Amino acid sequence: MPPQGWNLTGGAHGGGASGGARRGPAGSGQQPLPWNTPEAANRAHPSSRMGGGRGRARSTAPAAQDPATAADLPEGAVTVSQALELASAALNGIPLLTVLGEVSGFRGPNARSGHCYFQIKDDAAAVDCIIWRGTYSKRSFDLRDGMQVLMTGEFNLYKPTGRMSFVAKSFTLAGEGLLRQQVAELAEKLRREGLMDEARKRRIPVFCTRVAVVTSLSGAVIDDVKRTLARRNPLVEILCVGAKVQGEGAPEELIRALGQAAELNPDCILLVRGGGSFEDLMTFNDESLARAVAACPVPVVTGIGHEPDTSICDMVSDRRASTPTAAAESVAPAMQELEDVLEQREQRLSHAFAAQADRAATGLLATGERLARAMDTRLAHLRLELNAAAARPCLTNPANIVERRRMELAQTEDRLSRAGGEAMARYRGVLDQLGPRLAQSTVGLSAKDHDLRLAATRLRGAGSRLLDAPAAALAQAAASLDALSPLKVLGRGYAIAYGPEGVRTSASSFSPGDRIRVRLADGQVAAQVTEVAADSPTA
Amino acid sequence: MAEEKKPVSELTYKEASTELEQIIRALESGDMELEASLESYTRGVELLKSLRERLATAEQKVSVLLADVDGTVQLVPGDPADTTDNLVL
Numbered sequence: 001m002p003p004q005g006w007n008l009t010g011g012a013h014g015g016g017a018s019g020g021a022r023r024g025p026a027g028s029g030q031q032p033l034p035w036n037t038p039e040a041a042n043r044a045h046p047s048s049r050m051g052g053g054r055g056r057a058r059s060t061a062p063a064a065q066d067p068a069t070a071a072d073l074p075e076g077a078v079t080v081s082q083a084l085e086l087a088s089a090a091l092n093g094i095p096l097l098t099v100l101g102e103v104s105g106f107r108g109p110n111a112r113s114g115h116c117y118f119q120i121k122d123d124a125a126a127v128d129c130i131i132w133r134g135t136y137s138k139r140s141f142d143l144r145d146g147m148q149v150l151m152t153g154e155f156n157l158y159k160p161t162g163r164m165s166f167v168a169k170s171f172t173l174a175g176e177g178l179l180r181q182q183v184a185e186l187a188e189k190l191r192r193e194g195l196m197d198e199a200r201k202r203r204i205p206v207f208c209t210r211v212a213v214v215t216s217l218s219g220a221v222i223d224d225v226k227r228t229l230a231r232r233n234p235l236v237e238i239l240c241v242g243a244k245v246q247g248e249g250a251p252e253e254l255i256r257a258l259g260q261a262a263e264l265n266p267d268c269i270l271l272v273r274g275g276g277s278f279e280d281l282m283t284f285n286d287e288s289l290a291r292a293v294a295a296c297p298v299p300v301v302t303g304i305g306h307e308p309d310t311s312i313c314d315m316v317s318d319r320r321a322s323t324p325t326a327a328a329e330s331v332a333p334a335m336q337e338l339e340d341v342l343e344q345r346e347q348r349l350s351h352a353f354a355a356q357a358d359r360a361a362t363g364l365l366a367t368g369e370r371l372a373r374a375m376d377t378r379l380a381h382l383r384l385e386l387n388a389a390a391a392r393p394c395l396t397n398p399a400n401i402v403e404r405r406r407m408e409l410a411q412t413e414d415r416l417s418r419a420g421g422e423a424m425a426r427y428r429g430v431l432d433q434l435g436p437r438l439a440q441s442t443v444g445l446s447a448k449d450h451d452l453r454l455a456a457t458r459l460r461g462a463g464s465r466l467l468d469a470p471a472a473a474l475a476q477a478a479a480s481l482d483a484l485s486p487l488k489v490l491g492r493g494y495a496i497a498y499g500p501e502g503v504r505t506s507a508s509s510f511s512p513g514d515r516i517r518v519r520l521a522d523g524q525v526a527a528q529v530t531e532v533a534a535d536s537p538t539a
Numbered sequence: 540m541a542e543e544k545k546p547v548s549e550l551t552y553k554e555a556s557t558e559l560e561q562i563i564r565a566l567e568s569g570d571m572e573l574e575a576s577l578e579s580y581t582r583g584v585e586l587l588k589s590l591r592e593r594l595a596t597a598e599q600k601v602s603v604l605l606a607d608v609d610g611t612v613q614l615v616p617g618d619p620a621d622t623t624d625n626l627v628l
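For the record, the sequence lines run as chains A and B.
Here the first sequence stands for residues 1 to 539, where the numbers follow the working numbering.
Here the second sequence stands for residues 540 to 628, where the numbers follow the working numbering.
None of these hints come from the bench; they were simulated from the model.
A quick note: this is a predicted structure, and the numbers were derived from the prediction, not measured.
Misleading hints may appear alongside valid ones.
[Said to hold, decoys possible] Dumping the calculated DSBU-like pairs for lysine-lysine here, alpha-carbon to alpha-carbon at most 30 Å:
1. A/Lys244 <-> B/Lys600
2. B/Lys600 <-> A/Lys201
3. A/Lys201 <-> B/Lys553
[Claimed, not checked] Here are some chain B residues pointing at chain A (derived, C-beta under 10 Å):
4. Lys545
5. Ser548
6. Glu549
7. Glu567
8. Leu594
9. Val608
10. Val612
11. Pro619
Where is the CB? At the ideal position from N, CA and C, for every residue including glycine.
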């Protein structure tokens, strides 16, 4: 089984080596010997040579192997097979070895057989190495070129090609490789615990104004951080918490420093360290430190070593920066950015305020327009009303009123005259009827007229008679009265004097110049008194 | 405004910055009385001026946490970065 595999798949080494081996006998042996055709012999009993070869080599003398050819051998010489038997026996005498070496020329398991053929080497030597499929399938890691590995196994000589190989029964990583594997296993463990989940990573404030730096206070790193932040953003307050960052006790110091830094209540903690070898950075692969980083009450930003180093602390931190400087830069915006932000805010502020004022002005304008519109509408309405009022006939043509009244009056007049005519006619009709009725009604009047005339005549006679006696008496009385009348006295020559106030009987009641009227029997005389001569009172 | 406003000089950079952003947002929302918005604007301008000044005059402040002999720790002022020597970088 395995020998063919080796031969067929040994690649460059195998091919070259087997070529050499084939040439070997031709070059070393002076004549081609029938037994010296290893391919044929090996293919005849491949398994017996591998399986039983070792035991036989230890117990059997090489010369006994192929007696048919021994006769042709010069004294003291051995065949190639015999020589290789010797060598093989010697190799088998070497106990199980554990060899430290670097993997080289590894191309993975053979596609057909699944076995691995490669070399392990150190600075000065190299040896072919075989790992059978069964062994390789139990591996805990994939081999890669450059890996330092510990191979435990023994040497084997493949006689058909004379090639010596180290057959590894088991292998483990060594040195840094081992460390890396352990780190990878720890990383996997913590990942399974969820310590690296994106969801548990805390947000680092965009602008951390108070930053604790956990690192060595003696190295250049702390100065780098300070200088980076001084240049980028001097507003950031820096709290330096020193700790050993490599070697014995470093994880413990860092854990304590993380705790102290967290108590200072910063916005975030920078856990930083400069670049170094893998072993130097192993501190940051410490499990307890990694757990302390994950459990830190303050968000932690790591900047450990240089890209592409990634420590477990980097994996569990809230933000991983590739270097201490990058970590410092990531916690605060540059001054220019702050200025830009202020610039933008200034614009937004004035914009927003202007918009606010605009809105108010627009609102006011709209209100004003509504007011004006409302007023216009009202005015228009009033104007319409006014126009309508003005358009009414009583105002446009006041004569109309009079005219209408006149017309009404005329109509009334007509009606009146019509009514009057009708009334007259009606009355005439009535009157016309009354005439005959009246005439009718006076038919008996002539008899009564006669009676009346008769009575009047009688009455006249009676009346004349009735007055005769009183007339005589009256004449008598008149004669008497005439006799007594003052006028009769006047007729006898007497006169009556009147002053302005009436009859005067005394001459002294007159004064010269007074008007005097004198009644005579047939008339009056008006005169002026020229002289008053009273009779002496002798009488 | 109901809450009592701290004088701008007493605010930290971050507080002032946060308040400025709030003012701008409130103004941008547009549902503020004109008087209130004028007041906010004035405050915003004041904050902006103060923030600008702080940017212009910012000086790095560094403290170092030191352990005493008895094990107690205390924060003491430290040296700010020496930025004059750029060759070191």
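B/Leu594 was flagged as interface toward chain A. Is the shortest Cβ-Cβ separation under 10 Å?
holds, 6 Å
Given a cut of 10 Å on the nearest C-beta pair, is the interface hint for B/Val612 held or broken against chain A?
The hint holds - B/Val612 has a Cβ within 10 Å of chain A, the shortest such distance being about 6 Å.
Next item in the hint list is B/Glu567. Is there a CB on chain A closer than 10 Å to its CB?
holds, 4 Å
Is the Cα-Cα distance between A/Lys201 and B/Lys553 30 Å or less?
holds, 23 Å
Grab the minimum C-beta distance from B/Lys545 to chain A and call the hint holds if it beats 10 Å, violated otherwise.
Check failed: Cβ of B/Lys545 comes no nearer than 17 Å to chain A, outside 10 Å.
Quick check on B/Glu549 please, does its C-beta sit within 10 Å of some C-beta on chain A?
Result: violated, 15 Å to nearest chain A Cβ.
Does B/Lys600 lie within 30 Å of A/Lys244 when you go C-alpha to C-alpha?
holds, 24 Å
Regarding the pair B/Lys600 and A/Lys201, is the alpha-carbon distance no greater than 30 Å?
Given pair B/Lys600, A/Lys201 holds - Cα atoms ~28 Å apart, limit 30 Å.
Grab the minimum C-beta distance from B/Ser548 to chain A and call the hint holds if it beats 10 Å, violated otherwise.
At about 15 Å, which exceeds the 10 Å cut-off, the nearest Cβ of chain A leaves the hint on B/Ser548 violated.
Interface hint for B/Val608, Cβ within 10 Å of any Cβ on chain A:
With a closest approach of 16 Å, the B/Val608 hint is violated.
For the restraint on B/Pro619, tell me whether the closest CB of chain A is nearer than 10 Å.
holds, 6 Å
In summary, the structure is inconsistent with hints 4, 5, 6 and 9 from the numbered list given earlier, while agreeing with the others.
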